[in-house]
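Dock chain B against the given chain A, drawing on the hints supplied.
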Amino acid sequence: MWEAIKGWFDPRELRSVGSRPDYRFSLANERTFLAWLRTGLALIAGGLAAAQFLPRLPLAHLREVIAVALLLLGATVAVRAVDHWARTERAIRLDEELPASRFPAVLALVVALGALVLVAVVLARALG
Amino acid sequence: MSRDPGLQPERTRLAWRRTLLAVTAILVLELRLAFTGRTVDALLAGLAVVIWSGVLLVGWRRATGVGPRGPERWSIPLTALAAAGLALLGVLHVLRGLR
Chain A
1 MWEAIKGWFD PRELRSVGSR PDYRFSLANE RTFLAWLRTG LALIAGGLAA
51 AQFLPRLPLA HLREVIAVAL LLLGATVAVR AVDHWARTER AIRLDEELPA
101 SRFPAVLALV VALGALVLVA VVLARALG
Chain B
1 MSRDPGLQPE RTRLAWRRTL LAVTAILVLE LRLAFTGRTV DALLAGLAVV
51 IWSGVLLVGW RRATGVGPRG PERWSIPLTA LAAAGLALLG VLHVLRGLR
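Protein sequences, first through last, are from chains A and B.
Our numbering puts the first residue of the first sequence at 1, with every later residue one more than the last.
Our numbering puts the first residue of the second sequence at 1, with every later residue one more than the last.
Just to be clear, a hint being listed does not mean it is correct.
What the hints assert, rightly or not - For each label pair, taking beta carbons as the anchor points, the in silico distance ranges come out as:
# : chain 1 : residue 1 : chain 2 : residue 2 : range
1 : A       : 59        : B       : 65        : 46 to 54 Å
2 : A       : 101       : B       : 60        : 26 to 34 Å
3 : A       : 42        : B       : 35        : 17 to 25 Å
4 : A       : 60        : B       : 42        : 23 to 31 Å
Said to hold, decoys possible - Not the full set, but computed from the structure, chain A residues with beta-carbon under 7 Å of chain B:
#  : residue
5  : 30
6  : 38
7  : 40
8  : 41
9  : 44
10 : 46
11 : 67
12 : 75
13 : 99
14 : 117
Hints were generated in silico from the structure; no laboratory data involved.
A virtual CB, placed ideally from N, CA and C, is assigned to each residue, including glycine.
So that you can see chain A by itself, here it is in the shape it has in the complex:
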C-alpha cells in the first residue's frame, strides 16, 4: 500500500514508464479524477449538512452515525480517485487495458442502501 501512495507522488516513476501519450488523454484522465473528487466532496458536504441541519432523530445518535458514514465514504471516494487516476495514467502510457474497477458499482449500492434505510426511518417515524 505504501508503494502505491509513493507512486501517486513520485513524478519520475510515472513518467518513466511507457511513452508520452497524446496530452488530451491525460487531460481526460485528469477530468475524470476531478469528477470523482467532486463526487467525494458532495458526500462530505452531505455529511457536514447532516451533522448541522438534521433534527435529533428518534434512534440515539443516528444523526451522528449518518454524518460520520457520509464523511468517511467521501474520504474513501477521494483517496480511491487518486489511485484510479495513477493506475489509469500508467495504463495509458503503457498502452494497456484501462484498469477495471468494482468501486462504482459498490458505491452505487451503498448509496442506494443508505437511502432505503433512511426511507424506512422516515416512514417509521411518520407512522409510529
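Then chain B, alone, in the frame of chain A:
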C-alpha cells in the same frame, strides 16, 4: 499547434474551478460547524482554513496553467488528500459534538 477542436485544456480548467468551488462550499459548512465558542473547535476550523488555502493555491496554479504539458504531479494527489483531510476534520467535529 493547431487549435484543439475539443477544447480539452479549457474543459480541464473549468473542471478544476468547479472542484475549487466545491472545496470552498465544504469549508463554509465546516466553519459553521466550528462556531461553538470552544478553543479546540476554533483550532480545527483554523486547520480547515489552512487545508482550503493549500487546495486553492495548488488548484489555481493548475487551473491557470493547463496545457499540453502534463499535470504537475503534486496537484492531483494533494487535492485528493486535502479532501480526505477535510472529511476527517468533519468527523472530529461530529464526535466532539457528542459529548
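Run the structure past the numbered hints and jot down the numbers of the failing ones, going up.
Failing hints, ascending: 10, 13, 14.
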